[in-house]
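**Q** Assemble the complex: chain A is given as a structure, and chain B must be docked to it using the hints.
Chains A and B supply the protein sequences, listed in that same order. Quick note on our numbering: the first sequence kicks off at 1 and runs consecutively. Quick note on our numbering: the second sequence kicks off at 1 and runs consecutively.
Source of the hints: derived by calculation from the structure; they are not laboratory data. Here a beta-carbon is modelled for each residue, glycine too, at the ideal position from N, C-alpha and C.
Which residues of chain A face chain B? A partial, calculated answer using Cβ under 10 Å:
#1 L129
#2 P134
#3 R135
#4 L140
#5 I142
#6 G246
#7 Q247
#8 R251
#9 W254
#10 P260
#11 S261
#12 A266
#13 L269
#14 N272
#15 Y290
Simulated coverage check for chain B against chain A, where a stretch passes if three residues somewhere in it have a Cβ under 8 Å from a Cβ of chain A:
#16 21 to 34
#17 140 to 154
#18 263 to 276
#19 279 to 291
#20 300 to 313
Residues per chain are reported as follows:
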Amino acid sequence: MIFYDDISIQGSSPVGNFRRVLKHNKAAMLGAIVLTVFFSAAVFADFIAPFDPLQTSLETLQTPSPKFLFGTDDLGRDIFSGVIYGARTSIFVGISVALFAGLIGVFVGSAAGYAGGVWDDLLMRLTELFLIPPRFFLVLIIAALFGSSLFNLILILTFTYWTTTARLVRAEVLSLKARPFVEAATVAGASDARILFHEILPNALPLIITQMTLMVGGVILLEAALDFIGIGDANHISWGFMLHNGQHFIRDAWWIIVFPSLALAALVLALNVVGDALNVALNPKARSAYIDKSV
Amino acid sequence: MKNIFSHSYYRLFVKRLVQSIVLIFLLIVINFFLIHLAPGDPVYYLAGQSGDEQYYQLIRAKFGLDQPLLTQLWVYLASVLRGDLGFSLSYQQPVSAVIFARVPATLLLILSAILMASVGGVFLGVEAARRENSFYDRAFNTFALLGHSVPSFSIGHLLLLFFALYLGLFPAQGMISANQDLTGIAYFLDLLYHLALPSLTLAIVQLAQIMRLTRAAMLDVLNENFIFTARAKGLSERRVLYVHALRNALLPVVTIIGSDLGMLLSGAVLIETVYAYPGLGRLTLEVLAARDYPVLMGLFLLISIAVTAMNFVTDIVYPLVDPRIIYRR
Chain A
1 MIFYDDISIQ GSSPVGNFRR VLKHNKAAML GAIVLTVFFS AAVFADFIAP
51 FDPLQTSLET LQTPSPKFLF GTDDLGRDIF SGVIYGARTS IFVGISVALF
101 AGLIGVFVGS AAGYAGGVWD DLLMRLTELF LIPPRFFLVL IIAALFGSSL
151 FNLILILTFT YWTTTARLVR AEVLSLKARP FVEAATVAGA SDARILFHEI
201 LPNALPLIIT QMTLMVGGVI LLEAALDFIG IGDANHISWG FMLHNGQHFI
251 RDAWWIIVFP SLALAALVLA LNVVGDALNV ALNPKARSAY IDKSV
Chain B
1 MKNIFSHSYY RLFVKRLVQS IVLIFLLIVI NFFLIHLAPG DPVYYLAGQS
51 GDEQYYQLIR AKFGLDQPLL TQLWVYLASV LRGDLGFSLS YQQPVSAVIF
101 ARVPATLLLI LSAILMASVG GVFLGVEAAR RENSFYDRAF NTFALLGHSV
151 PSFSIGHLLL LFFALYLGLF PAQGMISANQ DLTGIAYFLD LLYHLALPSL
201 TLAIVQLAQI MRLTRAAMLD VLNENFIFTA RAKGLSERRV LYVHALRNAL
251 LPVVTIIGSD LGMLLSGAVL IETVYAYPGL GRLTLEVLAA RDYPVLMGLF
301 LLISIAVTAM NFVTDIVYPL VDPRIIYRR
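Isolated chain B (complex conformation):
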């Protein structure tokens, strides 16, 4: 961990930080231009479609819509940077409040899915690499191919039909049971019970990818000299695979897990729609139906910023895990 304080790491850190800030700035500018390029009066996209003339006048004045475009851009940037993403008419709340109220549910879904996908994906990937070209390997590969082909909402529908509606093992929708006022352990178990299917669906999509990457990385590492050394020392095969080989094979896998936030969020939107799970995905669907553009633009901006931030974290953590990366550049 010595290289945390090294000069080259410091430079990388600053460079990435500046790049991320510039990107976020550009994303806000893109948002602004989308609002102005879209057909119709920009006030609809800044205020939503269900307002009255008086409200529109207010918004026009606020964003300076009669001013030159550059002034408007400045006003828009300033208000976004202040954390003001506008007001949602359909929820009668500030946009940021509407969005952040839904974040915990989606976060729970995404984190539990990542946990299942990475543990399961790494384990299955190692086992597939260990038995390269065997029946198991082919079965795993077929599963990976399916995971790369079947869309998340179809997986969700099929699991829903089979496990919830046919077998009746899991609830078909929602995040907690309605009208039951559960507390403590009972509430927590109810939450997990409702989380199981949506989380499993999201995990399956990710699992295929993590498994395939782990398998490829393991096959590369298993030909290295230090693996021969480890085997020659008489270590057990499990120790060679899971301690010596996996430690080195895990690096590319870690980046994928870190950089897949965008795909996880897209998957979450679709899966939440399938299971009527009240997170950001449901919100997207609701605001699309209500034409509540301020929330939609806010969602787009916050998701892009979250992805930028996650890329930044992955970029600066990676050299800490794998010091070689800094010196290759």
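In isolation and in its complexed conformation, chain A is listed as follows:
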């Protein structure tokens, strides 16, 4: 638990716990503020960004100035507007994938953990197979073969991420299933569905929420890496895409590289810190949790 060793967090309300962690921890507070800024930028990009990020102009490779806060690239596109709209793409992909992969993972993981038997074995072998090829290469190869529109990318990333949640939820369901309160519910004659949805899953929820928050960060990094290497949707501006274009001009125009890089690092850093704080507030006994960084 990185920053929290000296504070004890007690209390029964998760929201109260989270507030207390934020209050005691400047890093987590700062992280929450940074996240709010990025989210606002993503939502209100149309009002904040001074230019269309894909609109080329004659003012190429301009150094940062009051007109172009972060300078312009080789085609005269405004980097500041690109960074603002890039936040939208990153956050959109990150949240969509975490949501879809999280839901599939919870469904499959809890079914396997609760039902056990052949289905459980089958699921475990399948997820083990998914863990062999490095995630970056797996996504890269599928995107190269099947196309890499934004929609496709979200599908492919969901396809490769749901297994992580499934394994985690399965393990949690297995451990909760053995708890006395589940036994009590069984003895009281509750149906399987009631036990799963009313007894087990609500108790697994903190873990699922933390996991999904951290997944957003992992997905954002992976999506940026794909764009950076040249696989991605050129119709949507993204930080990785800006870095991909900018690396040829790194000798003359450092700003094309530095600003999108800093934005990416700041967003993922904030997600990591807030994810860790969430983890402390929701699962007080757990170890510190970080993004599963595949690139």
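**A** Below, chain B alone, put in the same frame as chain A:
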């Protein structure tokens, strides 16, 4: 080391070996289905996009593309197992030759990075655990957090901008200086000079993880009785930490170093792109641009097999280092 010959170890060895072979077999099957599920004629993915009709006819006949799917799978499996991964049109060479020509450069990058990351990571981790909750500990932890957040290519770009372009201390790209025909010591030094930045970048990403693990493992071990005994015997603190405690804390760290080949390779691809370093990463970029699918599929398959093999080695070496593991199962 007695347990090398023990029955349970032998059983573990055989079980893992069979599992690995099955996994490799499944990976080849997955590769096959990816080729056939992808939109368009599979011949593009087996031959590449720049061929002519005559060449495609040849490939269609070779892989039996007019036969039933199961027959095709059989033909594909047989050719991959023979070591035939196809022919690259953009390089005019067999795929395996194209790939293996790039392996040494990437291997050099990865091995030097692992060396730096494990030595540095273990040392920093021990020092952080020793001063738990001190200013240093917090500084180390902040560094670990940064390492877990900033992507490898951004670290690469920032180091490149600062050390190569701003300070001019290191070359910005390539593996050796062009047009200089160096030999012997001079060649070796030139190689190291070009390796420094890419290797450091890859090492930083790994270092954060190894450091954090070492710190956590050390904190666990430092509460054990044998540490109190060692201290009570009057041993120096350095000896207690680096001999008695570290030996036991190192075990989980060793597994991580072994099982991170996949992440190292992914990192290498991105970092090689940043530094124009001519390894597997550059190759990936080039074949993506040329739509040279046979090389791409070959790369994917070989990387998956390398990771499977590395997992196998880690699995069978671990009980040798830590005999407890066998009896826990």
